[in-house]
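Engineer: Chain residues, written in single-letter form:
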Amino acid sequence: MASENRKIVYSTCKSCHGGCGVKVTVEDGVPIHIEGNPDTLTRGTMCSKGLSSIQHIDSPYRLHYPMKRIGEKGEGKWKRISWDEALDTIASKIKESQEKYGPESISISQGTGRGYNRYIHRLARSLGTANVISPGYVCHSPRLGLYGLVTGYGRLYCDYHGWGGEFPKTQIMWAKQLEISSADSEMCNWFIHSLDYCKNLIIIDPRASAYATRATLWLQPRPGSDCALALGMMHVIINEGLWDKEFVEEWSFGFDELKERVKEWTPEKTEEVTWVPKEKIIEAARLWAIDTPGCIQVGSSLERQANCGHTLRAITCLMGLTGNIERPGSMISWVLPDTGLIEDFFLELPLTEEMQSKIIGIDKYKMGAARTCNPDTMVKAILSGKAPVHVWISVGGQQIVHMANTKEVVAAIEKMDFMVHVDLFMGPMAEAADIVLPAAHWLELDDVYDMHPRFFISAHNKVVDPPDEAKSDAWIFNEIGRRTAPEHWWDTLEECLDHQVRKGMGGNMKWKDFSEKLVSGCWGKDQVYYKYKTDYWREGGGFPSPTGKFEFYSKRLEELGYDPLPVFREPGESPYRTPELYKEYPIVMSSGFRQPFYFLGQYRNIPWLRSFMEYPQCQMHPETAAKYGISDGDWVWIETPRGRIRQKCRTFPGVLKGMLMATANWFYPEEPAKGYHGLFISNPNVLTNNNHLDPMYGSPDLTCLLCRVRKCSVEDLNENVFHTEEFGTVQRTSEK
Amino acid sequence: MKWGMVIDIKKCMRCHGCVAACRVEHFLPLHITWVKLIAYETEDGGVLDVTTYPVRCNQCKEAPCVDVCPTGASYQRADGIVTIEANKCIGCRYCVIACPYQNRTFLRKSSDPGYFPGYPQTGYEIKGKKLYPHQRGTTTKCNFCAEKIDYGLENGLKPGIDRDATPACVNTCQARALTFGDLNDPNSNVSRLIIQRHGKQLQAGLGTDPSVYYVDGKHGGNDNKAPEHAMTGSHIQHLSSVEDRAKELFPWLKRDNE
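Each protein sequence line maps, in turn, to chains W and R. Just so we're aligned, residue 304 is where the first sequence starts under the numbering used here, counting upward by one. Just so we're aligned, residue -6 is where the second sequence starts under the numbering used here, counting upward by one.
Don't read these hints as lab results, they were simulated from the structure. The C-beta atom is built at its ideal place from N, Cα and C for all residues, glycine as well. It is possible that some hints are incorrect.
Okay, derived cross-link-like pairs now, EDC-like style, lysine to aspartate or glutamate, Cα gap no bigger than 20 angstroms in a straight line [to be verified]:
1. W:Lys398 to W:Glu782
2. R:Lys(-5) to R:Glu118
3. R:Lys29 to W:Glu917
4. W:Lys960 to R:Glu34
5. R:Lys120 to W:Asp594
6. R:Lys211 to W:Glu782
7. W:Lys1014 to W:Glu942
8. W:Lys813 to W:Glu651
9. R:Lys218 to W:Glu942
Chain R stretches covered by chain W per the calculated footprint, using a threshold of three residues with CB under 8 angstroms from any CB of chain W [claimed, not checked]:
10. 38 to 47
11. 76 to 84
12. 120 to 128
13. 164 to 173
14. 196 to 204
Just a sample of chain R residues kept apart from chain W, beta carbon distances all over 12 angstroms, derived [what the hints assert, rightly or not]:
15. Thr64
16. Tyr68
17. Ala71
18. Asp72
19. Ala91
20. Thr133
21. Thr159
22. Lys193
23. His212
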């Protein structure tokens, strides 16, 4: 089988947040085979997204050259330019804006894929701006911030590994389908492996995820009521005396206040608010409190709700109440590998008070807009003509797709003075840019992969050359940095990579060593549990929080003007908060439906993956659907006060009655540029509201709102329906 | 030797990894799938059942597809694998109809739109046509990655244990829901699973005697004590060094295919 012109390259997958070890066979410069690398943490496994990379990189839709827009925004008219022209234009626009409007007039945004987080933050800081637009506020940041607030350390992860002698006895999968690995593939494998050692698997999800009907217990809360459920569970635990007395007494702060707060959340009241039968609430609370150690895997659907701060806080308190912190098989903050914290790459450039004071939204969203701006506030500010931002550098992400209220987002983006977008393909965000830069796929670049739980980093090793002039994100950011803030960037990409791994191997590691070594990690007997009982964070023990304790009650939050204890608030639109609206829009809607073969807005343009779900689907219980005359397979209009979209209805008895679960982030790469590649046709964010945001994080209600639904008529299925102003494809005046 | 597979439907989470791995392994044309996932979602008397059945050619011992083949293109190997000799296949499709599991697909002469319809073939596609040609106008199906099994056996590897001798879907499954091995060996991983967890064949009543078995169960109910190899992280410790020494220290590394 072996051939002389064949080679094998080991790398790390980045088709989602990634992390799976990969083995690629290349023949004559063409990857002909891809599979998992068995000698890694993911044991040689890979999902459909990663495997389809082999088809992805070859796509005829790839961007090959830097391009300059020559038509109107969203018109799809482009002209090829050189890298020099592109980079020089970008650099001069940045400098011009810095001088004219101040450094805060530069905004840098990112998606959640390709691993550019640290590059965009470093570029922002080196330019003197903190107006970074991150999707973090609807994915992961609230939980890190709240874990940090409660324990003093931001990264608590489930211990799926057994390194401390025990696996989690009770596992709660809360609004998360870690098993389908849509975002954290490496964790998917660990989680499923740990189920072989699990006594109780509890799933909390309004929709039956893959393991729901085979789990120990499955709770179906009304979307947006999760905070109430956590408060109700704490009520049971405290009422029945099941809390961890030793941990609470010695290592926590504010237990009495918490006890007082959860008093009202009797099982009866919790059932009324969450629609979960009280027997199940009681059983879940007991299993969680009695069968320890346990861990809670939180899903980002909870962070796409305007009460996310308190929801996450309540869930964190649930962990502390049962002593499920730092114990083997519970929630852990992992010891870093010898290469250190990968974020040091940007943390080493300080966020000055000056920069922080200019963050859009910092006056209001004091937790979420402390390091990055609040994107929805920025959209509003641009529309009102008051935004300080004039240059927007966007990489990978599709803010235009994932932010609430698509029509407003598009209008704001179209008003931007100058925008750059870096991506693999033309897409909705790229069509709104002035310059588009071609990015390399993870199979085409050298870079450092950092995983969420932070106990290892690994190498992306270049397998093949990128097409024509496509370049890695690291190269692109280094080049922009070199032209605008040379003191903080490097002459070559390799030096930049050397800098990131330099602490490894006793302080001598170079990129080349790391590339060969593939991984730098800390695991097995090297990991440390019960750090709060040692001098690890504090001399004499304790947490790195202000009180040195696990804080049920947060004085810090109180100082910022927030409730120091978790408190439930209804979503902006709900049967109880807006009963009048509920009469008109009688279905609770979530855009939380995710498929294992898509990653957020990505991969609808990979034929192998698109074949698994060609059109966006929404799910309704057959009884709910029947109420509106809808059958399985019908195309339906989903409507809210903001607009309407079309998705295909699949009736599914596993979804909560009275609700609709829509597929998120859908646009049609095959649709023309006009209308931003079908952005307005099926994307649930056309329906979501950006007026009601979480007080701490500024997160909108993407997974809890109200809608109504009706079956599409025969005329509605004609594609001309979409060639109207409503869907953005009407001809512009200038073209007539 | 009789190769067989056990599928743990408790673990399958419908990720489609097996389908993709099969497409990669065999350079399958765009709309051809050898592995399929069947969604089973019912509510009966208030009891909900959400199940995914991964299906592929069952490599039946009494294979109706072999019986009806007029040219002998479909035949059973000594190791139980039912395979199709494309050069002998005349495209009559009797076998497609005879298969009670609908696991055979006819490759139409006109049905190769390419991976990106309307665009030239990609580099990967061109390579595939040489490395794993599919003959238009013939019938195709899963072959348990027979080419990997043959290669493995020639090189002293053990199918179901060594990756290079094991079907691609089994290797890639993140849930480790698929187990492959020798059904004739009572001590093999598959034989033990079938006995311990009461493996069932699909539509056993048809008398085809499939080589693919299904086991099911509930999650939970397990002891949470970590075994020594989990505590030491033995399957990853070697990553701390670049030397092959680690592999010497952990000789079972390659066998960690549980």
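Engineer: If a hint holds in the structure, say so; if it does not, say that too.
Structural biologist: Structure-based check of all given hints:
| no. | hint | result |
| --- | --- | --- |
| 1 | W:Lys398 to W:Glu782 | holds, 15 angstroms |
| 2 | R:Lys(-5) to R:Glu118 | violated, 33 angstroms |
| 3 | R:Lys29 to W:Glu917 | holds, 16 angstroms |
| 4 | W:Lys960 to R:Glu34 | holds, 15 angstroms |
| 5 | R:Lys120 to W:Asp594 | violated, 54 angstroms |
| 6 | R:Lys211 to W:Glu782 | violated, 54 angstroms |
| 7 | W:Lys1014 to W:Glu942 | holds, 11 angstroms |
| 8 | W:Lys813 to W:Glu651 | holds, 19 angstroms |
| 9 | R:Lys218 to W:Glu942 | violated, 50 angstroms |
| 10 | 38 to 47 | holds (count 5) |
| 11 | 76 to 84 | violated (count 0) |
| 12 | 120 to 128 | holds (count 3) |
| 13 | 164 to 173 | holds (count 6) |
| 14 | 196 to 204 | violated (count 0) |
| 15 | Thr64 | holds, 30 angstroms |
| 16 | Tyr68 | holds, 25 angstroms |
| 17 | Ala71 | holds, 23 angstroms |
| 18 | Asp72 | holds, 20 angstroms |
| 19 | Ala91 | holds, 26 angstroms |
| 20 | Thr133 | holds, 16 angstroms |
| 21 | Thr159 | violated, 10 angstroms |
| 22 | Lys193 | holds, 16 angstroms |
| 23 | His212 | violated, 4 angstroms |
In summary, the numbered hints that this structure violates are 2, 5, 6, 9, 11, 14, 21 and 23.
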